[in-house]
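2 protein chains.
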Amino acid sequence: MNITYTTIPGGVCAAKGFKAYGVHAGFRKNTAKLDLAMILADTVCNAAGVFTRNKVFAAPVGVTRAHLEGGKARVVICNSGNANACTPDGYDTANASCKAAAEMVGCAETEVIVASTGVIGQTLPTEPLFSALPELVKLVEATETGADLAANAIMTTDTKKKEFAVSYEFEGKTIRMGGMCKGSGMIHPNMGTMLGFITTDCAITSDLLKKALTNAIDDTFNMVSVDGDTSTNDTVCVMASGLAGNEEITCACSEAFAAFSGALHQLCVLMASAIAADGEGATKFLKCHVSGFRTVEEARILAKSVICSSLVKTAMFGADANWGRVICALGYSGVDFDTTKVDISFTSPAGTIAVCKDGAQLEFDEDIAKKILLEKEIIIECAMNSGESEATALGCDLSYEYVHINGDYRS
Amino acid sequence: MNITYTTIPGGVCAAKGFKAYGVHAGFRKNTAKLDLAMILADTVCNAAGVFTRNKVFAAPVGVTRAHLEGGKARVVICNSGNANACTPDGYDTANASCKAAAEMVGCAETEVIVASTGVIGQTLPTEPLFSALPELVKLVEATETGADLAANAIMTTDTKKKEFAVSYEFEGKTIRMGGMCKGSGMIHPNMGTMLGFITTDCAITSDLLKKALTNAIDDTFNMVSVDGDTSTNDTVCVMASGLAGNEEITCACSEAFAAFSGALHQLCVLMASAIAADGEGATKFLKCHVSGFRTVEEARILAKSVICSSLVKTAMFGADANWGRVICALGYSGVDFDTTKVDISFTSPAGTIAVCKDGAQLEFDEDIAKKILLEKEIIIECAMNSGESEATALGCDLSYEYVHINGDYRS
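Heads up: the protein sequence lines correspond to chains A and B, in order. Here this note's numbering is used: the first residue of the first sequence is 105, the next is one more, and so on. Here this note's numbering is used: the first residue of the second sequence is 105, the next is one more, and so on.
No wet-lab data here; the hints were simulated from the structure. It is possible that part of the hints are untrue.
Repeated chains share a single entry, so a pair holds when one copy, or any two copies, can fit it.
[To be verified] The list that follows gives simulated cross-link-like pairs (lysine-lysine, DSS-like), each with its CA atoms no further than 25 Å apart:
| # | residue 1 | residue 2 |
| --- | --- | --- |
| 1 | 480 | 277 |
| 2 | 445 | 159 |
| 3 | 133 | 474 |
On a predicted model such as this, the values are computed, not experimentally measured, just so you know.
So that you can see chain A by itself, here it is in the shape it has in the complex (with noise of 0.2 Å):
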């Protein structure tokens, strides 16, 4: 099987029987920034989600999981400004506000998929949806393009706004599958620690997409670390519509599955790594490639292990080739191996440069290596000459602007 996956325009709109939009609802006080947007169905779709592991979750992970055990769904409503996480009457919020968009666009309460994401801890008022809905639900249906003001309206401390769209061809069809998603604090494995929404005019089961989608973040999202916080309000959720004309893909081991896997494992990385390039106060985008190592799940912890690291994050930021910051991560990993066998080097845009072999340090030109890693995307390779299987996991740098973001956002 050979499929070409095709990068598209369209974002969360490429796919055929989906419309979106954004708006400034009011949850913010900036009335220059959207926050509340919308993803409509033409048709009830087969749905999916995956959510945080975190022990505290917000009130709209608890209610859209439990919409998404139906595996339908017409809808998405998501605010920014606000997690509705913490607060005494959350649920009563996020049930009302699903009943609220069920009622407007006509379908099911249980077929509505509703996210939040801000601040933990203050009540989310209901009155800016109540008052931004009978509006937003005419502007999505009279409007083709809306996929960009919709991935604008739930970005909070972004930088740069995150939609992403793949086609590729099956028997004949052609199918369009679109995302888009929000990091950029509180981005940490476990789950994928972020606000993801993908559509797809693919033809394929609930169960089906729930294991498409549950593959595609173990080894996407869920590699992606920018501060090794796991968020409340986790969330990334899959609609098919099923338009494509596909013969629905039923069976895990059909080659029509693998294909429909395939795109959405593309989609994922490209969404996955925009996050992680644009982590708070990032300044440059960095990948750990673990290689050589007994298991991928040994290779993932390892490979993680050195992206969180806050002194390998400093290093990079400072374009220092700070190797042994690097081993010191792998070995507190609580992943075994041979030390003595280890291979590290970097890689960017400007180059290779292998600073250590066999776990001991290479001679190697300082000023070569600050020009490696002056540029922004950085690979840390790490050989363990120790088996076969590797793992990558995504980054970015711990930048001065880090902490200014976080210490003083809510100012």
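Use these hints to put chain B onto chain A, whose structure you have.
Chain B alone, transformed into the frame defined by chain A:
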């Protein structure tokens, strides 16, 4: 048993039978910075050590761990500026250093405690030690009050010298105990993750010394986190000269052992708190006290999860009462708890403010909260209302300066 522990001056020279000194040997380029410390006991001492759990550990850790299997030590030598970790000839250098020190002071090579702190992965030159050693030994032997210089010589990015001593009376004898330590980056739970050297004139067996040290470290050094990184070089050693004149402590169930353990615990609290408060770039000393939980072990995990959170640390830097980040960090700790029973408050010299009750927000005055959080010492209180056990973790805020120090400290 009612023992009073009194803080006394003198650092590692407070106990009978110990001398110390620190010099500039040349491990660092800056000649104004001391970089070689020695603690010398008048006679061979009972001794014990606890070391990093990082799979990647420095050569001096391997050498000292092997030496202390004999339970005896006479001299400590410690350089700063270079960690002697991850280099091909690290063990040769550490062993050569021990051999030179042993010959110079007249003890067995296995009675030397050797330690290093600084950059990982660069060959430690032997020349500075060899050339400085004769003069250093003379200075140590000639001086009663060199503890201060020794404590200075082991500092790296520490902004404050860390030395403490306590004394207590037991059955008519005065027992003294002193210590010096250094942080301040790469400080994270697991062992103690720093360098600490403790001396006492108490007569006590090596086995009980090890037992008392391990117990003391569990809820002091191991509860400190500055940046989540566990170093390759962490070492805490204790030497007991036996010159206090007490009957040797040989039983863990004796009152004498309990009294000694109390003193060691108090000394370790002082040292661990100083390390946390002087975390790299720290502007505030943070304690997280988790109370009312099922077990001490789980309470420790919860408290550490809060103290390690980059988002909690930056919120404290910004004097922002963002308790949502606190409950979020409890939530991803991996410990199961009833989120609807959690109460959270912040305490400082300026007062106490309750911000969360039963897992949900309380109305509180942001101005009062700000005033409390602008203080230099903050206690984050998490009452779990689910048992009788408690634990305290120690840490600091995350500031611009942390990024500055770690982003370009080698330049």
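Verification of the hints:
1. 480 / 277: Result: close neither inside a copy nor across copies, 39 Å intra and 64 Å inter.
2. 445 / 159: between (39 Å within a copy, 13 Å between copies)
3. 133 / 474: Between copies only: 21 Å across, 43 Å inside.
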